[in-house]
Amino acid sequence: MAVATREAYGKALAQIVVEDPNVVVMDADLSKSTKTADAKAVCPERHFNAGIAEADLMGISAGLAASGKVVYASTFAVFAAGRAFDQIRNSIAYPKLNVKICATHAGLTVGEDGASHQSVEDIALMRSIPNMKVLQPCDDIETEAMIKAIKDLDGPVYVRLGRMGVERIHDESYQFHLGKGEILQSGRKVAILATGMMVQQALKAAELLETKSVIKPTVVNFASIKPLDEDLLLTIAKTHDLLVTCEEANVLGGFGSAVCEVLSEKHPIKIVRIGINDTFGESGKPDALIEKYGLSAKAIADTVSTQLKK
Amino acid sequence: MTERKELEKHALNIRRNIVTMVAKAKSGHPGGSLSAVEILTWLYFNEMDVNQNNVASTDRDRFVLSKGHASPVLYATLAEKGFLPQEELLTFRAINSRLQGHPNMRYLPGVDMSTGSLGQGLAAAVGMAIANRLDQKDHYVYVLIGDGESEEGEIWESAMAAAHYKLDHLIAFLDFNGLQIDGDITKVMNPTPLDEKFKAFGWHVLTIDGHDYDQIEAALFQAKQTEGKPTLILAHTIKGKGVSYMENQASWHGSAPNEEQLKIALDELKEVA
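Taken in order, these protein sequences are the chains called A and B. The first sequence begins at 1 in our numbering and counts up by one. The second sequence begins at 1 in our numbering and counts up by one.
Just chain A, with the same shape it has in the complex (with noise of 0.2 Å):
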């Protein structure tokens, strides 16, 4: 069963917002893509178009923040992140208003739209914005664990959400925990850390790597990029060889590069940072995008062997 990250996201907020009357919801002209549809056909009454204007989306959507209202704001991750970069560090994220940005379409598995539309960048420019909080998760249980935690925080979030379908890897039990890792195989010498659709990839991976080379790895997700669980970081760093993120965005300045601050202050120790290497994506679909960028399993299998013989 693949479930889209925003189709979770979706049906999550619409429960929110019945749940909750003082969550209002905003969009901007995306509403069927980035699912926010299902929370205006059960409460029309406080979804709000900006239509195709996100810098007003999130001008807005601070306004009413800065009126008490939790507000989940949506349009696709390149649009938010970088066309509204400007109001959301000033408007949103200065003041500390409760304004819970959930970017759908994150990266390359948008697929057909192309590189505009694909956002390589958004951790990078989330991350650096003091106040923000940075999650991305990876399948739908964890999607509406984290949308339904981050509904009780304090200040602005940016949530990472995708556009492709992904299997599921959790259970109903699972619980979002910010700022914690969460160890999903425990192995030996190497560690993938991955973020968002690359756990998956990360699962397989250990999968290939124990079935051919007997080499059984460490994997973790990190759902909180930032904050990040740096005791964790300092746990496996200490434990493992190798260690090799998983990010479906640009390596400069996204999640293993918050993984390769914390370690090299704190333990350094050889870090592969898999990602897309600097460049803009382009049109295909989400499966040939994911081996052309190498970002399947196959590659972050190959890039664990390779290092280890090194």
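None of these hints come from the bench; they were simulated from the model. Misleading hints may appear alongside valid ones.
Label-pair restraints from in silico Cβ distances [what the hints assert, rightly or not]:
#	chain 1	residue 1	chain 2	residue 2	range
1	B	Asp195	A	Asp154	39 to 45 Å
2	B	Glu271	A	Pro227	53 to 59 Å
3	B	Thr58	A	Thr211	58 to 64 Å
4	B	Ser251	A	Glu45	49 to 55 Å
5	A	Glu19	B	Thr58	19 to 25 Å
6	B	Asn190	A	Gly68	38 to 44 Å
Note that the structure is a prediction, hence the values are computed from the model and not measured. Glycine included, each C-beta is placed from N, C-alpha and C at the ideal position.
Dock chain B against chain A, hints included.
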């Protein structure tokens, strides 16, 4: 209702504090602060239901200073209302001060929105007006935008949204002093005719002399009679109003008077005209 003579005393004090705090800080924006003194004085003393008891709450009328660089007029007005000590104005722009160069809503009760990056305040005011409607509150949201600021595209996104959502409890003042940092607004990047543009965007538009209390009062009265549309009050003002050497001079947009200049300014601002 505060009488005109009283208002004029408040306005004079506010002007004196504006030039004094900018001079003390040796930086800041006196020109566009002085042009908006009557508008803020009227709003805070005769229009908005803000007082010592509710200033920290959002359950009241609110004011967004979209042209955030005019922070001196906001701080001086809040001090005139007694929301902060007058002496604190002298900490403007200094380290550890609540009075940041551009307003921060988290530092000072009475600052209703953090602003400074131009073009963003109107959107926030739209959000506040929508929130009031959702909460079935009858409060008004006032916002002051600059004429130069109207060159920002986001102003027009928000203008569209305010009309689309029929926000008749949103009242915007446009401080039309005609000057921006690089000079005459019509020469730098002409945003006029602003009245016609806002009308075309679906607003109720009124044009007044922004230094005349009678006209401010009448415009606000009309704005509040208007249903189904936001109102723009295009206020013709004089940049640097009240200090002869600053009046209509773009160079006083963002520069501070020295000690001697401050003395001249304070001499001119001694008595109610």
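Okay, the hints, checked on the actual structure:
{"no.": "1", "hint": "Asp195(B) to Asp154(A): 39 to 45 Å", "result": "holds (42 Å)"}
{"no.": "2", "hint": "Glu271(B) to Pro227(A): 53 to 59 Å", "result": "holds (58 Å)"}
{"no.": "3", "hint": "Thr58(B) to Thr211(A): 58 to 64 Å", "result": "holds (59 Å)"}
{"no.": "4", "hint": "Ser251(B) to Glu45(A): 49 to 55 Å", "result": "holds (50 Å)"}
{"no.": "5", "hint": "Glu19(A) to Thr58(B): 19 to 25 Å", "result": "holds (23 Å)"}
{"no.": "6", "hint": "Asn190(B) to Gly68(A): 38 to 44 Å", "result": "holds (39 Å)"}
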